[in-house]
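> These are the residues of each chain, in order.
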Amino acid sequence: MVETIVNILFSGIFHASVLFLVAAGLQLVFGVQKIFNLACGSFYALGAYLGIVFVKYFLSVGGPPVLAILPLLAAGFVLAIIGPIIERGLLRFVYDRDVHFQLLLTFALLLMIEDIIKLIWGTYPLSTQGVYLAFGILDIFGASIPVYNLIVIVASIVIAGIMAHILSNTRFGRIIRATSDNNEMAQALGININNIYVKVFTLGTVLGTIGGALVIPSTAAMSEMAVDLIVLAFAVVVIGGLGSMKGAFVGALLVGILKSVSFAVYPELEMLLIYIIVIVVLVFKPQGLFGTAT
Amino acid sequence: MEKNRREFLKTAGVGVLGAGAAALLGSQKAFAAPAKGVPKGPVKIGIMGFQAGVAAVPGIAGIRAAQIWADQINKAGGILGRKVKLKIEEESKAKDTVEKFKKLTIKEKCDVVSGILSTGNGQAVGKEAEKIKQLWLSWDGTTQKGLIETQPKAFYGFRSVDNELEAVAGAITTAKVFPNIKKVAGIGNDYSYGRNCWAAYKRVLSMYNPGVRFEEGIFTKLGETDFSAAIDALAAKKPDLIMSSFWSGDTSIILKQAAGKRLFQKVKGCFTTGGGVHDTLKKEFTPEGLILGYNSLYFRWTDNWPLLNEFTKIYHQKHNAYPVYECCHAYFTLQAYKAAVEKCYGLTGQWPTKEQVVEALRGINVPSLSGYRGYRQDNKQECCFFMGLTTHKNSYDFVTIDPVYILPSAMIQKPEGYTFDQWATAWEKKVKG
Amino acid sequence: MILEAINISKYYGEFCALKDVSIGIDEGEFVSVIGPNGAGKTTLINVLTGFLKPDAGQVNFRGKDIAGKGPEELSTMGIARSFQLVHIFPELSLINTIKVAIISRQAKGMRLFASLARDKEVHEQALEVAELFGLADLLEETAKNCPQGIKKLLDVASAFALHPEIILLDEPTSGVSTSDKNKIMQVLVDASKKIGIKTVLQVEHDMDIVFSYSDRIIAMQQGKVLADGSPAEVEKNEEVICTVVGQKECFQTFNRIMSMNREERA
Amino acid sequence: MKKTGIVFLLLILAFLLVWPFIGPEYQVYLTLSFFAYSVALLGFNLLFNYTGLLSFGHALFIGVGGYTAAFLTSRFHIPYMEVSILVTILLSGVVAILIGLICVRYIKIYFAMLTLAFGMLFHSFLMKTYHLTGGDEGMSVEQPYLLGMDFSSMDQMAFFSGPYYYYSLGVLILASIAMWRIVHSPFGLCLTSIRDNPDKAEYLGIGIRKYRLLAFIISGCFTGVGGVLLAPITGHMDPGMVFWTHSGDMVFMTLVGGFSNFFGPMLGTVIFITLRDVISSYIEYWRLIFGALLAAIVILSPGGVIEVLTNLFTLIRRKIMAGENAS
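Chains as they are written, first to last, in the numbering used here: chain S, 52 to 345; chain A, 1021 to 1453; chain Z, 28 to 293; chain L, 541 to 867.
Simulated from the structure, these hints should not be mistaken for laboratory data.
Given the structure is predicted, the values throughout are model-derived calculations rather than measurements.
Here a beta-carbon is modelled for each residue, glycine too, at the ideal position from N, C-alpha and C.
Among the clues, some could well be false.
Here are the simulated DSBU-like cross-link-like pairs (lysine-lysine), alpha carbons at most 30 angstroms apart as the crow flies [to be verified]:
1) 169/S <-> 1107/A
2) 336/S <-> 1241/A
3) 859/L <-> 336/S
4) 1064/A <-> 107/S
5) 543/L <-> 171/Z
6) 750/L <-> 135/Z
7) 1286/A <-> 1129/A
8) 135/Z <-> 543/L
9) 107/S <-> 1151/A
10) 543/L <-> 1241/A
11) 1173/A <-> 1202/A
12) 1363/A <-> 1151/A
13) 85/S <-> 80/Z
14) 668/L <-> 147/Z
15) 169/S <-> 1151/A
16) 859/L <-> 171/Z
17) 668/L <-> 297/S
18) 135/Z <-> 336/S
Quick list of the computed label-pair ranges, beta carbon to beta carbon [stated by the list, open to error]:
19) 151/Z <-> 228/S: 52 to 62 angstroms
20) 565/L <-> 1368/A: 24 to 34 angstroms
21) 52/S <-> 1447/A: 38 to 48 angstroms
22) 52/S <-> 1234/A: 17 to 27 angstroms
23) 142/Z <-> 863/L: 32 to 42 angstroms
I would like the entire structure built from these sequences, with the hints used as guidance.
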């Protein structure tokens, strides 16, 4: 019994920690730029694929598997360059448009990135060898937990901590919060809004790509992963509340653990359960658990 | 392994086949004028497979196999001197797939359409083929609804082997290799294939092992990349064996994540179709001693089959990967078409009509990548399946199987006119009787 | 009494926008609400028109409690309003903007298949309102392309087209050049007479307008009613004038300017 | 409508009437999808353009229509097309009321996401109820009787380019007239006012939720009918028709054609169907091209192709008139 509970808990938290990163990127961008980024799942997928490339190279030049986390993080950060490209090249043209167009532009991105991934990496499932199990397995209360899962969980918590610190204790964070509250006011106070948008979008992108890169040793990269993830990330932010970091955190935990529990209790319910919760939340608490806007 | 192979080779009649294969791969031949009674211009063959999504893995492999086949045939002079021209279209949801099938038929005027992987699309295209009288040679798409054939009287449609075949093969192998298991849990994709396989597996295994108990099956959505929770749920049931009908990248993912939870240290496993993407099953996380099934093609089932050796070499050179099972399906359908046309020509001296090709295809038996394959009188494919226990004793970084059990579909596919249930009941009587 | 607020209070978090305010408007009155920024004027209008729910107190329309009733219901009861920041339908033509109000008044909104273009009744009445407001030349103009003054008029005109019993105008002349202000006010007064809207409550900053058109003036400060009386009474209230205009010395200046204006008009 | 517009429409109509006789068989067959999607988009665009609500789950109603046709024709053996259409209108209405009551309380992103969630809920439902709906395998749709007439003895392609073609065209024309009247009715004007400024509309006595709900219901019914028309074309319905990316396709068509014009979405269906048919035959990576196209439309010409065309048209006319004046 204890074993089962420990298993369910850790599986749920592991799932949640990856979801959190993607959802946090989604939230940040939505909070500041008011754009709901349907392509956040694509960034995640890009992170995963580039992570594989980096790890493969790292291992081929003799890098020890236990340090593979470094090339993974590097892959996530390298992909930061697509942030400014997309923001300056596409998004900035639609800030003054109806929100629907912004949504659709990110939908266009999703379509494009899906094929770009296919163009570069094909459709065959790809994975990194020799990383996932290199860290060993931890046995507690009769349950076995791969140490790599714990690393991802810790990394995600650290990133959450850094985000929280940035948002509440730094000048950049204060500017972000001011802009998300009222961007006209922020502009009037002499904040360079373009600059903020680039930075925020890039940060949001990197959260997604790192999420993808970190998760990839535990699984395999497949072309569907973007579309599948966006539905989950969407559930997370709706449950947590759009634009709220705390919401992303709690929402991710909820979705992750619920998925885990539903598998243990009644597997047929899995996705259905998540959609139902999303709808229930939207009906009774449309702003989500931690959201402010309606 | 040796014994099995010999057994199989005997049934397949390897002598004839060696010659046939040699002829096929024979010396280069320029395109002479088409034979007498053969129309000018190329033979147009429509090819349809998934190019996006999870099913793109086998889909693209099948398309590649078709291209390799066409190159080989054209080098050898085409079909009766006619060059083969492939028209490739994407398979996707049923609506678009039927549209493309129509396009290949009406607009491109293809002589035959080879392809289709999904059963839903198979039902739609199967019906369509009869309506617009187009020859359709399916790779992997059956026309079954669940375990029931929806188009028993198909004429133009030549269907793949039944969906649940791998599961039946898996059950037989399980009964043979692990006769004493008591409790089985199952996991599959949340769609008809996953559910049908689980149902068929349960039915067949319980014939041979009446005391076995089955847990409620777990089904995850196609394309799932995180099985941690599913693995926990499976482990919590404390089964002796876990059966899985995963056929794509999910096999490698669940095995990797299961390794992280030491699942298969305690439990036996039967992956009925997992060999589909066998080179992703790395030794690092795939234990030895799992039952692993290869749907219709195992890339080293024999060292003495020039067709496969040549194909694997070309495929690997061209795409830096090993062929996937779909390659053999695709390859066979095209081989069968060519043989049927030639057979008709031998009889009439004319390029055959579609109807004549249909007659010729029924009962045909031709060499393909994994041995001889054929069509039954009810337009259903017959081929062999490969099951075995995973081993690390090879030169690759992924597992192979040893021994290799070769199960011909005559043994694991319901015969013409039988429903699965009737067949299973009859079979059960035989087992118990 | 047609509209009455009894002891209403409204808080925004800690901030108290209205504190125990009671006012009453009689039928046929033209009442102006004045006060410095942040005095609670707009909040008062918002509460009176159902846009905001008061935290305490009661709002009565013809003796019936209307607190919590939404704007839609209030408008069918006969309360209309305009907004401080113009509220128009950016993509609609002027005539269609007015038609929306008339459709609503005639309860024709659920006519799914009737042709709007052929509805003479709606068209004529819309035309009538447009003419009253001097918009007849711009009927087909898209609202977002019109100058600010026209937008302002349009906002008010569509509210008038509802033929309400009382209309609440939130700074009908704000953002309009001084020379146009009187013009707009005159149009408003004429229109309300012609349409038969007897009761008007407005929030206004322009003291000249306030004092020349109002029957009664309510002065507010910090969410409370400072004074409530005829223009003549309020004009003499030094405290009110100084609060509203904002400086001690202003009282004299104010009176001087007001008398100058009066002479000019005469 | 302006005179040139009417002339133009009549020309297109005349062309569509003779098209089966002059067009290649396959292109005529594709036209059926154009009719069906056009009807569906009439509904979609009532929400998007006229009410300002973007539904990212409208494929749900295509599913309602398609599966209704599937159930009636292949399960209950009621082959009458008219019955399918009527039942669909009824069911779409009921589904739209249930979903709408929840959805219309929200706008913008929230509305889009909520409709998306409902669409996916329906998709999951179809997948899970496989014993009823065939799950991923979907359901067969039999060739329907049109106006009580049985065409089953007819060659399938003859049926498609003959009776079914004109039947679909007829439905499209009727649906267009109905929708044209709706958007030009007092109700239509009220919807537009809500789209432009819901606060103001409410103060003018327009009950915005009531209107949005009704718009959602009407929209669902039209899209449902589009789904019915779509079903016999392929003879099969599968959950892929309800997946959110199919809703995305519908949004795509509308936007490419031009959402702000009544006929824009129809042009969009032509562009989408043709482009996809052509591109996907040559390039495996058609999604990349479609994505780029969508991005270009959103950024450069949110009014869609129809706006570009009308601008071009007026420009040319002005040039010609200027030329005439000069000479």
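> If a hint holds in the structure, say so; if it does not, say that too.
So, going through the hints one by one against the coordinates:
| no. | hint | result |
| --- | --- | --- |
| 1 | 169/S <-> 1107/A | holds, 21 angstroms |
| 2 | 336/S <-> 1241/A | holds, 29 angstroms |
| 3 | 859/L <-> 336/S | violated, 57 angstroms |
| 4 | 1064/A <-> 107/S | violated, 42 angstroms |
| 5 | 543/L <-> 171/Z | holds, 27 angstroms |
| 6 | 750/L <-> 135/Z | holds, 14 angstroms |
| 7 | 1286/A <-> 1129/A | violated, 57 angstroms |
| 8 | 135/Z <-> 543/L | holds, 29 angstroms |
| 9 | 107/S <-> 1151/A | violated, 51 angstroms |
| 10 | 543/L <-> 1241/A | violated, 55 angstroms |
| 11 | 1173/A <-> 1202/A | violated, 41 angstroms |
| 12 | 1363/A <-> 1151/A | holds, 26 angstroms |
| 13 | 85/S <-> 80/Z | holds, 28 angstroms |
| 14 | 668/L <-> 147/Z | violated, 55 angstroms |
| 15 | 169/S <-> 1151/A | violated, 35 angstroms |
| 16 | 859/L <-> 171/Z | holds, 28 angstroms |
| 17 | 668/L <-> 297/S | violated, 33 angstroms |
| 18 | 135/Z <-> 336/S | violated, 34 angstroms |
| 19 | 151/Z <-> 228/S: 52 to 62 angstroms | holds, 54 angstroms |
| 20 | 565/L <-> 1368/A: 24 to 34 angstroms | holds, 29 angstroms |
| 21 | 52/S <-> 1447/A: 38 to 48 angstroms | holds, 41 angstroms |
| 22 | 52/S <-> 1234/A: 17 to 27 angstroms | holds, 23 angstroms |
| 23 | 142/Z <-> 863/L: 32 to 42 angstroms | holds, 38 angstroms |
In this structure, the earlier hints numbered 3, 4, 7, 9, 10, 11, 14, 15, 17 and 18 are contradicted, and the remaining ones agree with it.
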